Structure formats: structure tokens, C-alpha cells
Amino acid sequence: MTRTKVLSVSQITAYIKSLFTTDELLSDVWISGEVSNFKLATSGHCYLTLKDGDASIRSVIWRAAATRMVLPRDGDAVMAHGYVSVYEGQGVYQFYIDHLEAAGAGRLWQEFERLRGRLTAEGLFDDARKRPIPARPKRLGIVTSTNAAALRDILRTLTARYPLVSVLLAPAVVQGADAPPSICAALEMLNRWSAEHEPLDAIIVARGGGSIEELWAFNDERVARAIAASNVPVVTGVGHETDFTIADFAADLRAPTPTAAAAACTPDLRQVLLALAGLKDLAQTAIAQRLSSARLAAKSLASRSRRASPERRLATDRQRVDDMARRASLAVMNTVRSDRARVEGLRLQLAALDPDRVLERGYAIVTRDQKIISSVHQVASGDVLTVRVSDGAFETIVQGF
Amino acid sequence: MTEKPTDETPPAAGDPGTFEALYAELEETVRRLEGGDLSLSEALALFERSTALAEQCNALLDHAELRVQQLIQKPNGSLDAQPFEG
Numbered sequence: 074m075t076r077t078k079v080l081s082v083s084q085i086t087a088y089i090k091s092l093f094t095t096d097e098l099l100s101d102v103w104i105s106g107e108v109s110n111f112k113l114a115t116s117g118h119c120y121l122t123l124k125d126g127d128a129s130i131r132s133v134i135w136r137a138a139a140t141r142m143v144l145p146r147d148g149d150a151v152m153a154h155g156y157v158s159v160y161e162g163q164g165v166y167q168f169y170i171d172h173l174e175a176a177g178a179g180r181l182w183q184e185f186e187r188l189r190g191r192l193t194a195e196g197l198f199d200d201a202r203k204r205p206i207p208a209r210p211k212r213l214g215i216v217t218s219t220n221a222a223a224l225r226d227i228l229r230t231l232t233a234r235y236p237l238v239s240v241l242l243a244p245a246v247v248q249g250a251d252a253p254p255s256i257c258a259a260l261e262m263l264n265r266w267s268a269e270h271e272p273l274d275a276i277i278v279a280r281g282g283g284s285i286e287e288l289w290a291f292n293d294e295r296v297a298r299a300i301a302a303s304n305v306p307v308v309t310g311v312g313h314e315t316d317f318t319i320a321d322f323a324a325d326l327r328a329p330t331p332t333a334a335a336a337a338c339t340p341d342l343r344q345v346l347l348a349l350a351g352l353k354d355l356a357q358t359a360i361a362q363r364l365s366s367a368r369l370a371a372k373s374l375a376s377r378s379r380r381a382s383p384e385r386r387l388a389t390d391r392q393r394v395d396d397m398a399r400r401a402s403l404a405v406m407n408t409v410r411s412d413r414a415r416v417e418g419l420r421l422q423l424a425a426l427d428p429d430r431v432l433e434r435g436y437a438i439v440t441r442d443q444k445i446i447s448s449v450h451q452v453a454s455g456d457v458l459t460v461r462v463s464d465g466a467f468e469t470i471v472q473g474f
Numbered sequence: 035m036t037e038k039p040t041d042e043t044p045p046a047a048g049d050p051g052t053f054e055a056l057y058a059e060l061e062e063t064v065r066r067l068e069g070g071d072l073s074l075s076e077a078l079a080l081f082e083r084s085t086a087l088a089e090q091c092n093a094l095l096d097h098a099e100l101r102v103q104q105l106i107q108k109p110n111g112s113l114d115a116q117p118f119e120g
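Just so you know, the sequences run in chain order V and B.
Residue numbering for the first sequence follows my numbering, beginning at 74 and increasing consecutively.
Residue numbering for the second sequence follows my numbering, beginning at 35 and increasing consecutively.
To be clear, the hints were calculated from the coordinates, so they are not data collected in a lab.
As the structure is a computational prediction, the values presented were derived from the model and not from experiment.
Every residue, glycine too, gets a C-beta built ideally from N, C-alpha and C.
Quick partial rundown of chain V residues pointing at chain B, CB under 10 Å, derived from the structure:
1. I215
2. T232
3. V238
4. L241
5. R265
6. L346
7. L349
Partial list, derived from the structure: chain V residues whose beta carbon lies under 10 Å from chain B:
8. L342
9. K353
10. A370
For reference, chain V alone in the conformation it holds in the complex:
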């Protein structure tokens, strides 16, 4: 072993360092790991170790960089950018961090934006694709976890607003790697049920609030496509007001929370009751008008019967018609007071007085030579009588008399 070339510690350290600084990867790298031994020195520089299950790397954040960032704490999962180089004084390599963010966030948002851009370009989020949510649904599908607050919020809201609705729950995992296929399967099941059994008016896809990672299943392309492909309109209610997910963009309607999604699918019971009351009012106004025009018609009928009937009959008729008219106007007021019973009584009275209705009920007017037969003493066997019924008249011969 010759000693032609002997290097000092400084020389070899400088050499090693040059290998680091000329390496493309090491001079510009993102590293993810967990923070430990974090220490903020009085100088303002920060010292920490990044580690994962198998390895660790000593790291430094110079004061200038540290003042620009939210400093991590031990146990934080982070993504850090910087370069790896050698600290000659201790003969160690270190990671010099110039940028740091909570793990996942940066990468996840890049993913989010990329997917959103791609699906937008594809037209998956077009307004033209959005279908209206029926105002008074018969049956709603719900895709969510069965043991979460989101479901309780939804059911409570539906009970309060529109308890007539039927709910069909398709349980799904709403967090983690299993969530996207689970949500897709639930949507598919509800669509199948809607097509094969009972049609659904809308499907609520919901999850309560959580961290960005917890909500991430709703930024999955498969979920977005399953929502867009649903034959039943989909309303999303994922996370809190400020959380927007890819699923929200793909949905026919995005509600800010599970509760809001339930509200978006149902009318308010108070509005339904108001609408009902409105219809009742319309009916009462209409019948009141009809009754007052009946009164006018009855008056004109009275003057016609004066010309056509015997004197005594006329007097009776006029009195009855006046009676009827009085009752009619009385009934109008009662009707407007929603007094159904009186209107019912009135209807029966009016029906009894209406000559057409009398005939309709099966009564007949029997005449001979235009004279009304009202007694057996007016006819003899063999007489030819005219019988008028509701829709015409015929002749008959008296027998067995």
C-alpha cells in the first residue's frame, strides 16, 4: 500500500461536500418525513431531525428561512424542500430546509388542481349537465357512513322539514383508501334500486367535517365520475362551508354541509302548509263566486217560472228560491270561514231545490195535456201520460186501475 496521496481531513471533507453540491437531486429536493428533536436556537436557526420508519436525516432551517414559515413541532408530518450538503465541522451531512409545509397538503392540492382542470376540460362539471332537484321528493337515497354525525344531522333535518319523504340508505366508507370504491358502489346500488324498484328523486352524498386528508376520498376521480354518471340527481354535502371537493363540482348541487344537503332536497314543512292553505283559500273564493252567480240564476229562474206555473205554485217557488238565495249568501260567508259542515248542508239543500237535480235523482214529472199529475184521482186506466225524466220524456199508459 503506497502513500502517494495523503489527504487531510479538510481535503477529503471538501471533496465529499463537492459530490453533494454537484449532485442534481441533492441540490434541489423535496423530502417528506416526521419532525423530531426540533430546536429553535437563540440565534434564530432551527435544528431538527426528519425521520420515517427506517431512517433519519439531520436538518437545519436557517433563520432567514425560518422567519418565512410556520415552524413545525415534533411529530408533525411535513414536506420540506431544500438541499442536502455536508457540515464540515462535524463531518455529517444535513438537509438544509428553505421551504416547509404540512405533509400531503402541497402534493394533494397539486393533485386536486390537476384533476379539477382535467375534468373541467372534459366537460364533467358543465352547468348544462346539472339537473334540478325535485321540490317535493318522495324518496331520497343517502350515501354516507351509518355511524357518523353526518347521517344523524341529515335524518334530523329531514324529519323536521319534510317527514313524508322515504329515505334509502346506502352505507359507505367515507375515509381512507377504501372510501372511493365504497362510495362508487353505494351510488351504483342506489341507481340500480331506482331503476329496478322504486325511483329515487335525489341522492345525498355526505360526510361530516374533517381534515383535508379525511375528506380526500371526495377528491377521487372515480367518485367524481360515479356522481356524474348517476341517473339520479346527486347533492353533495361534504365537510364544512369552506371545503370544496371534486365531488362537489361533479354533483348536480353542492351543499356546504350534510345538514344543508338535506335541506336542499326538501321543502320546508311550513311552506307546504302555506301552499295548502293557499289552495284552500282559492277554492273558497271560487265557490263563493259560484254561489253568488247561482243566486242571480235562481232569481231569473223565479221570473221565468212566474210565466209558466199556476199561481199558487209560483208563490211557493218564489219563496223557496228566495230562501235558497238567502241561504246561499249566508253560506258564502260561512264558507269563507272554512265552515265545511254548513257548505255541505247548503249543497244538499241546493241540490234538493235544483229541478234538474231532482230529476237526476230519479224523480219524474208526470203530465197529461200539459197538466201535472200529482194525485191518483187525476188518472184512469187507459190514460196516456207523459213522463219527464232528467234527460227527456216518454209516454206511458195507465194500467190496473
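For this one, chain V is given, so just place chain B on it according to the hints.
For chain B alone, kept in the frame of chain V given last:
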């Protein structure tokens, strides 16, 4: 007094299909009632019907209870809806 539609046993509470049908008929009945061109007896019959329908709608809303079912897939792949117990 004879039995009128109002006195019939109301349909099972909480069936929105029934409510929708009743509500639609109510709207249609009121529309016809407002349309005119009716004999007095027709108008009264429609009015009576509209009142009965409104009462039935109200009764359904009063007694409605949210019905929750859970969709399950049977081993043979077919779907079934079963009552959901919170």
C-alpha cells in the same frame, strides 16, 4: 250524514306518494273550480272534494314519520331494502 271522502281512513301516514297524489289532485280540483263553466252542483262537488283533499294532506303531514331503510346487497347480487335501526 252519509260517508264522504273526508271520513275515509286516511292512507298510511308518511307515504309521500300518497301525499303527492293528493296534493296534485287538490291543485287540479282547485284549478277546475276556478276555471268556471261548471254547474252549481259540479262546483259544490269540486269544492267539497278540495276541502276533503286539503284535510287529508294536512292529516298526512301531521302524522308523517320519516321512514328510513337501508339498502343491502344479498349474496346472489340482488338488492333489498330493510328497516334501518339508527
